[in-house]
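Asker: Heads up: the protein sequence lines correspond to chains D and L, in order. For the first sequence, position 147 matches number 147 in the UniProt record's numbering, and the numbering has no gaps at all. For the second sequence, position 147 matches number 147 in the UniProt record's numbering, and the numbering has no gaps at all.
Calculated directly from the structure, the hints in this document are not laboratory data. Since we're looking at a predicted model, the values are computed, not measured. Cβ atoms here follow ideal geometry from the backbone N, Cα and C, with glycine treated the same way. A few of these clues could be false.
[As the list claims (entries may be wrong)] Think about it this way: if two alpha-carbon atoms lie no more than 20 angstroms apart in a straight line, the pair counts; the simulated DMTMM-like pairs of lysine to aspartate or glutamate are:
#1 K101/L with D254/D
#2 K217/D with D119/D
#3 K281/L with D219/D
#4 K101/L with E261/D
#5 K120/D with E182/D
[Unchecked claim] Derived CB-CB ranges, DEER-like:
#6 Y255/D with I43/L: 23 to 29 angstroms
#7 P284/L with R233/D: 24 to 30 angstroms
#8 Q63/D with K23/L: 37 to 43 angstroms
#9 K337/D with H180/L: 55 to 61 angstroms
#10 Q63/D with V98/L: 38 to 44 angstroms
#11 G282/D with E115/L: 55 to 61 angstroms
Each chain, letter by letter, is given below.
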Amino acid sequence: MANKIVQKDQIKNLLNKVAQSSQLIAPIKSDSITTFRPVSSAEAVVLDYQNGVIPPKDFFFPQSEKMFTYNINDPTWDIREVEGVPERVLFGARPCDVKSILLLDKVFDAEFRDNYYLDKRNKTTIVALSCNDCRHTCFCGAFGISPDTAEGADLLFTDLGDKYLVEVLTEKGEKLVNSAKEFFADDDGSGAGAKAKATEMAKAKQMQISLEGVKEKLDNMWEHPIWDNESLRCIGCGTCTYVCPTCHCFDIVDYNDQSAEGYRYRCWDSCQFSNFTRAAGGHQPRPSKKERIRQRFLHKLRYFVDRYGDFGCVGCGRCLEKCPVNLDIAQIITKVKEVG
Amino acid sequence: MSCNCNTREVASPLLPYIATVNKIIEETPTIKTFQVTFDEPGILENFGNKPGQCAMLSILGVGEGMISITSSPTRKGMLEFTIAKVGRLTSVIHELEVGDKMAIRGPYGNHFPFEEMKGKNCLFVAGGVGLAPLRSLIDYVLDNRDDYGRVDIVYGARCYDMLCFKYDLFDRWPKIKDTHVHVTLDREDPKWDGRVGFITLDWLQEICPSVENTVPVTCGPPIMIKLQLENFKKMGFKPEEIITTLEMNMRCGVGKCGRCNIGEKYICVDGPVFNAAQIQKLPPEY
């Protein structure tokens, strides 16, 4: 489908129409924090944000997710799976976050396909939004991601000032356009040029980091003092893993509040916590912060590459922005190149 | 590895089946073997476990844990799990009585190379509850006795009461042709007049003087595995020939939750069985 144009003064009307037939998930501002939330009306949606504090990963792999319920007084334990999600439209995901969903696909849509994830993934139309500006912590370019392309999205919107250029990337995207045809006009051919100009600043402003040779160096840096040095100031809070769009570790827990009925849920967990690898009986393969931060960086920059053929980081910059002690994966990459 | 997920009609690999405990064997004061069958007909027949694979056992309301399947698939009509009481879940499991329920999903992981081992001599070396995963392979080999050569089972425990599978070690296995059981205790014990001491290189060489056409398989506490891998290499085995199993804390069993990640591997799907050449390439985090 050819590129389309949506007038900016019509965007909220378009989103309201979308919200009538699907659940709409979009960025809203609450207490000065921008986050993705299901919204019933487009009124609260913010369009001029840089990126959400928490990535939209939550809508595919929730921070806490009920898997099934049970009743321990029932002779069969009466296990029931929870219902799936409705059809949804995720609006406004930035290119880095869209790429992170493709990386999560590699984990959850692999052998032993994870139906909790896939149900949400299949029922979600992803509308990406190009970045006209970026944060000082952004470095998606290092991972071959660009502020103005969004592989994995169904539609890509780009803010051209008074209107949006809409690139239709998949059939799912085409279906969304067809369901609200009145808002989409044909692009007269000027869209692409205007888009390049609109996203110029984001490309120029982001940190320019090259990953050349980093993986190969890390292959031989198991016993390097960098892990000792960097772990000294880590406080093990796990924030880096909770704001990360690609971290996928989880715990599985039963909850039954002293009653017969209960449920089993999974919730995000973090390789930065000592309990993560501590086995019953006390065996602990990663006893100190040194081993745990080494795991985090090697998992993103080495193991994920070996297993899935891509880096496990998208350069969104959230972990380095939110780390209370300024542990910085971008700096680590730079240091590895210098010292390795 | 083998994948059995297609044999399941249910949507989620994280959803367990209900099973009933049929028999409980008290192996040691802290280790019990639970023999179970699935409540739903057809599940056990399609479970398709192979020697060395594991399953996620749970008590609803308490939690889940990955436990190796200690029975061989040649033993029909049941699954056996030998469980040491080490934490919250296993303490609750140890309270179970015959007729009680547990929830099970699996089987998970790869398996021992029982096909490749055909025609070869087997040297099994285990310590403590580490005999539990090996037992699935030992029984598989002994139930297909003519397919394999000489079998040596070398087993060490801290004291007499800590020996698992005494009925197999002293009664069943030694009666099978060309099957030799060698038991040692870490220290003197009034109930024991056999060998005392660790499983040493000298002793292994005495039991198995030639590495020709022999497959060594070891399982035990991490420290013992490391020692035996070295012993096997000194005996002249090539790293690719030396088989062991690794264990990490696990939650999902299906290669997603991240807990058992070592390097590019997930122990739950790529393991638990590895050869020493593969282990040499892994970061030393097991």
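Asker: All hints, please: hold or fail.
Answerer: Status of the hints after comparison with the structure:
Proposed proximity of K101/L and D254/D is supported: the alpha carbons are some 16 angstroms apart, at most 20 angstroms. For a cut-off of 20 angstroms, the pair hint linking K217/D to D119/D is broken: about 39 angstroms separates their Cα positions. Of the supplied pair hints, the one linking K281/L and D219/D holds, its CA atoms being roughly 11 angstroms apart against a limit of 20 angstroms. Between K101/L and E261/D, the direct Cα distance comes to roughly 16 angstroms. Compliance with the 20 angstroms bound is thereby established for this hinted pair.
Between K120/D and E182/D, the direct Cα distance comes to roughly 28 angstroms. Violation of the 20 angstroms bound is thereby established for this hinted pair. Between Y255/D and I43/L the Cβ separation comes to about 26 angstroms, which falls inside the hinted range of 23 to 29 angstroms. Between P284/L and R233/D the beta carbon distance is about 25 angstroms. The supplied range of 24 to 30 angstroms therefore holds. Separated by about 42 angstroms at the C-beta atoms, Q63/D and K23/L satisfy the suggested range of 37 to 43 angstroms.
For K337/D and H180/L, the Cβ-Cβ distance of about 57 angstroms falls inside the hinted range of 55 to 61 angstroms, so the restraint holds. Checked against the given bound of 38 to 44 angstroms, the beta carbons of Q63/D and V98/L, roughly 41 angstroms apart, stay inside it. Here the CB-CB span from G282/D to E115/L is close to 36 angstroms, at odds with the stated 55 to 61 angstroms.
The structure fails to meet hints 2, 5, 11 from the earlier list, while all remaining hints are met.
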